[in-house]
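K.L.:
So the number in my numbering is just where the residue sits in the sequence shown, counting from 1, plus 1.
No lab work stands behind these hints, which were simulated from the structure alone.
Worth double-checking, as some hints may not be accurate.
[Said to hold, decoys possible] Here are the simulated lysine-lysine pairs, DSSO-like style, with alpha carbons at most 30 Å apart: (1) Lys37 - Lys68; (2) Lys60 - Lys71; (3) Lys8 - Lys60; (4) Lys71 - Lys12; (5) Lys12 - Lys60; (6) Lys58 - Lys11; (7) Lys60 - Lys20; (8) Lys68 - Lys58; (9) Lys11 - Lys60; (10) Lys7 - Lys58; (11) Lys58 - Lys43; (12) Lys11 - Lys37; (13) Lys71 - Lys43; (14) Lys37 - Lys8; (15) Lys71 - Lys20; (16) Lys7 - Lys68; (17) Lys11 - Lys71; (18) Lys12 - Lys58; (19) Lys7 - Lys71; (20) Lys12 - Lys43; (21) Lys7 - Lys60; (22) Lys43 - Lys20; (23) Lys20 - Lys68; (24) Lys37 - Lys7; (25) Lys43 - Lys68; (26) Lys71 - Lys8; (27) Lys11 - Lys68; (28) Lys58 - Lys8.
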Amino acid sequence: MGIFKKKIVKKTYDREHMKPVIRASICTGEEVAGFKDIRTGKIEEIMLIRSPEDLEKFKEIYEITEKITKEY
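With the hints as extra help, turn the sequences into a complete structure.
P.N.:
So, in structure tokens, the structure goes:
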């Protein structure tokens with residue numbers, strides 16, 4: 002419980018060639034947020050999603066407003 006809120010550093014990604022996705026494990030249910038290269042299909046994992054707050058933080062950092070799709 003702190004008095005000051007940690008400042009979130011905004012980051013960017015290549016919006017033309019990358020799209021935000023959540024990769025979810027069928028076995029464990031673990032979810033990882035990242036970006037999928039539209040040309041190659043390769044996913045770059047950025048952060049582990051443990052709660053809805055983590056997902057909102059990911060969206061805030063990368064200024065994502067659209068719905069993020071899940072891939073299994």
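K.L.:
Now look at each hint and say whether the structure bears it out.
P.N.:
Hint by hint, here is what the structure shows:
no.: 1; hint: Lys37 - Lys68; verdict: 14 Å, holds
no.: 2; hint: Lys60 - Lys71; verdict: 14 Å, holds
no.: 3; hint: Lys8 - Lys60; verdict: 15 Å, holds
no.: 4; hint: Lys71 - Lys12; verdict: 21 Å, holds
no.: 5; hint: Lys12 - Lys60; verdict: 10 Å, holds
no.: 6; hint: Lys58 - Lys11; verdict: 10 Å, holds
no.: 7; hint: Lys60 - Lys20; verdict: 12 Å, holds
no.: 8; hint: Lys68 - Lys58; verdict: 14 Å, holds
no.: 9; hint: Lys11 - Lys60; verdict: 10 Å, holds
no.: 10; hint: Lys7 - Lys58; verdict: 12 Å, holds
no.: 11; hint: Lys58 - Lys43; verdict: 23 Å, holds
no.: 12; hint: Lys11 - Lys37; verdict: 19 Å, holds
no.: 13; hint: Lys71 - Lys43; verdict: 14 Å, holds
no.: 14; hint: Lys37 - Lys8; verdict: 27 Å, holds
no.: 15; hint: Lys71 - Lys20; verdict: 11 Å, holds
no.: 16; hint: Lys7 - Lys68; verdict: 26 Å, holds
no.: 17; hint: Lys11 - Lys71; verdict: 23 Å, holds
no.: 18; hint: Lys12 - Lys58; verdict: 12 Å, holds
no.: 19; hint: Lys7 - Lys71; verdict: 28 Å, holds
no.: 20; hint: Lys12 - Lys43; verdict: 20 Å, holds
no.: 21; hint: Lys7 - Lys60; verdict: 16 Å, holds
no.: 22; hint: Lys43 - Lys20; verdict: 11 Å, holds
no.: 23; hint: Lys20 - Lys68; verdict: 10 Å, holds
no.: 24; hint: Lys37 - Lys7; verdict: 28 Å, holds
no.: 25; hint: Lys43 - Lys68; verdict: 19 Å, holds
no.: 26; hint: Lys71 - Lys8; verdict: 28 Å, holds
no.: 27; hint: Lys11 - Lys68; verdict: 19 Å, holds
no.: 28; hint: Lys58 - Lys8; verdict: 11 Å, holds
In terms of the numbered hints stated before, the structure departs from none.
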